[in-house]
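Asker: The lines below spell out each chain.
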Amino acid sequence: MTVATVTDSYPSTRWRRFREHFFKGLSVASLIFVIGPSIWLIADVVIRAVPHWRWSVLTTVPVGVGGGLENAILGTLVIMVGVFLIAGTIGVLTGIHFAELQRSRRNGKAGGSFLRTATEVMAGFPSIVLGYVGYVALCVGLHWGFSLLPALIVLSIMVTPYISKSTESALRQVPTNYREGAEALGMSTGYALRKVVIKSALPGIVTGLLIALAIAVGETAPLLYTAGITNNLPSTSLVHQPIAYLTYYVWTDYNQPIKATQYLSFDAALILIVLVLVLLVSSRLLVNRTQRYAEGRH
Amino acid sequence: MGDEIASSGVTLPVASDPTRRAFGLRRVGSFLRGSEEGLWRWGARVASLIPLVGLVFVLTVLAIKAWPAIKVNGPGFLTRSTWSPGSTYGAPVRTDGVLHPVGSSYGAWPLIAGTLQTSAIALIVALPISLGTAFALTERLPRWLSRPISFFVEILAGIPSVIIGLWGVLTLGPFLANHVYPFVSNNMPDVPVLRYFKGNVGYGEGLLTSGLVLGLMIVPIIASTARDLFMQVPPLPKEGAEALGMTEAEVARRVTIPWVRSGLIGATVLGLGRALGETIAVAMITGSILGQVSPNVYGTMTTIAATIVSQLDSAATDGTGFAIATLAEAGLVLAVISVVVNVVARVIVNRTSQHLAPVGRG
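In the order they appear, the protein sequences are chains X and A. Under the numbering used here, think of the first position of the first sequence as 1, with each following residue one higher. Under the numbering used here, think of the first position of the second sequence as 1, with each following residue one higher.
Don't read these hints as lab results, they were simulated from the structure. Note that the coordinates shown come from a computational prediction; the quantities given were computed from them, not determined experimentally. Be aware that one or more of the hints could be misleading.
What the hints assert, rightly or not - Computed footprint of chain A on chain X; a stretch qualifies when at least three of its residues, placed anywhere within it, have a C-beta under 8 Å from a C-beta of chain A:
hint, region
1, 232-243
2, 247-254
As the list claims (entries may be wrong) - Simulated restraints on C-beta separations:
hint, chain 1, residue 1, chain 2, residue 2, range
3, A, L236, X, W55, 32 to 38 Å
4, A, V180, X, L142, 31 to 37 Å
5, A, P128, X, N288, 16 to 22 Å
6, X, L77, A, V180, 36 to 42 Å
7, X, W40, A, P128, 19 to 25 Å
8, X, S12, A, I124, 38 to 44 Å
C-beta: ideal position from N, C-alpha, C; glycine also.
Work out the full structure: start from the sequences and follow the hints.
Answerer: What follows is the structure in structure tokens.
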């Protein structure tokens, strides 16, 4: 008579030990595969840009095959402010709608899955298709030409879902006690929303805004056929005047035959990386600071 | 006292008492505060409609623009491999009532195949790396190390794709073509599937490099979501499994991953959506060779998104507008793929994940 033991159906100890080591090795190796290339690519941009760096890049516009990037830097900043105003307003309000104001009538839980699905589908929509639609509908269809407004509209549609999502999760982290306390003090819903709920969710909302701006600053495809390009500094007109931006120079100039033009591309990449890192790191510092306060460690 | 209650918008039966009725400025303040909620509600409702309106607008414009191309190109658009804008010098001809240049013939199969191939490579590369990274961050590393590294991974998601493309085409591509691909190509056995790794390795501007770079770009999405998911797994089941004598690898395979499976699938599909729509990095790396499906993994090729960005300039010179319409049709194909993938991801995830990984899309 044979007795079935656990070890009969279970892999051998040696095999299990091998798998354990393999798993741990793979886990650390994958970390290296993520961090290695990331450091490599940031270092690559720095190495390409820094040896030829001139500070005049910041203060001159492109001239012939060389010159600077003042037009693109200012243009990118203008686009950033515009996206902040448009996408910030729409995104934050959408987030408030999803988190606070909208309740389905049936079960009292947060509803609106249709609107939410639309928002999240927009979050994954191919940016070049948005750029194409901006080009045919706004630049050509409405005769706006390559200009700031179509670029802002396309970019805002693109980043609004990030802002609404981060706003929504920031608002959901506000304790229910706060809302109940506000109500018990006799505040109206709107007043409580402004003075209590949004105020305590503000760091989370601002973090989402900063990250969305970092994304908007780094975009190329939606801008190529909506913003156009110009050597002039940004003007005050929303339409009919093209506007320069940093990613354009990275995209166009890296494979030009003339060295001075190539350097412009690397300089633009360096400025872009610094700008994006500043935005992302400051968003992180904000999170850390808030968490410290929330945990009572000042 | 009564005035304050009234002015804060709470409905109390104070109107019947003349001494407690709010007058003048207080009344204005009361009105504003009472309607403040209305303002918030109205504003928020309008704002929340905008993404939906944008989506409908974009799809409508695409469909209207693409309609002439859909009529002329027919269903063969999805299977043909030619991409010929025709002659702009001859008189344009009319097919099905649509004016287009003589000899124009468009087929999107190489673009669709390229999009699917690069995304598949990206996913194959990114999924194990992301899971390994998430495990290392949650289980293996001490907190003082895992926090900055998590932050670093999140930063990677925000690096502009044009910069990743720059690195991919100038540094990574040539490096791989000189030092890695020849070795792989020479030593790969001549059996099915692996056969695609044999052949001319080119200059690093091709399918495999694009796929690898795309993989690097979607790792942050999958890894940061997986890290959040792993941290949500309660410790008790894991400790129980270890108490039963399971190794860490077995705990991961039999407890942790099944616990958050739907979230992981959702994150993976989200990453896939990003890989499908990525434009600039791929356009810089692939070489944008139209009308060709790559014979091996090193060959030059193109994707739908890369084709739109590289062809729109020349398409605008087609006086009949047919080239632009065809690009709209290609964009529509990409949009449909992307929307389907996203909706599927949402259905699977069903809001398990709280944050939307912020990553550039080109």
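Asker: Give me the numbers of the hints this structure contradicts, sorted from smallest to largest.
Answerer: 1, 3, 4, 5, 8
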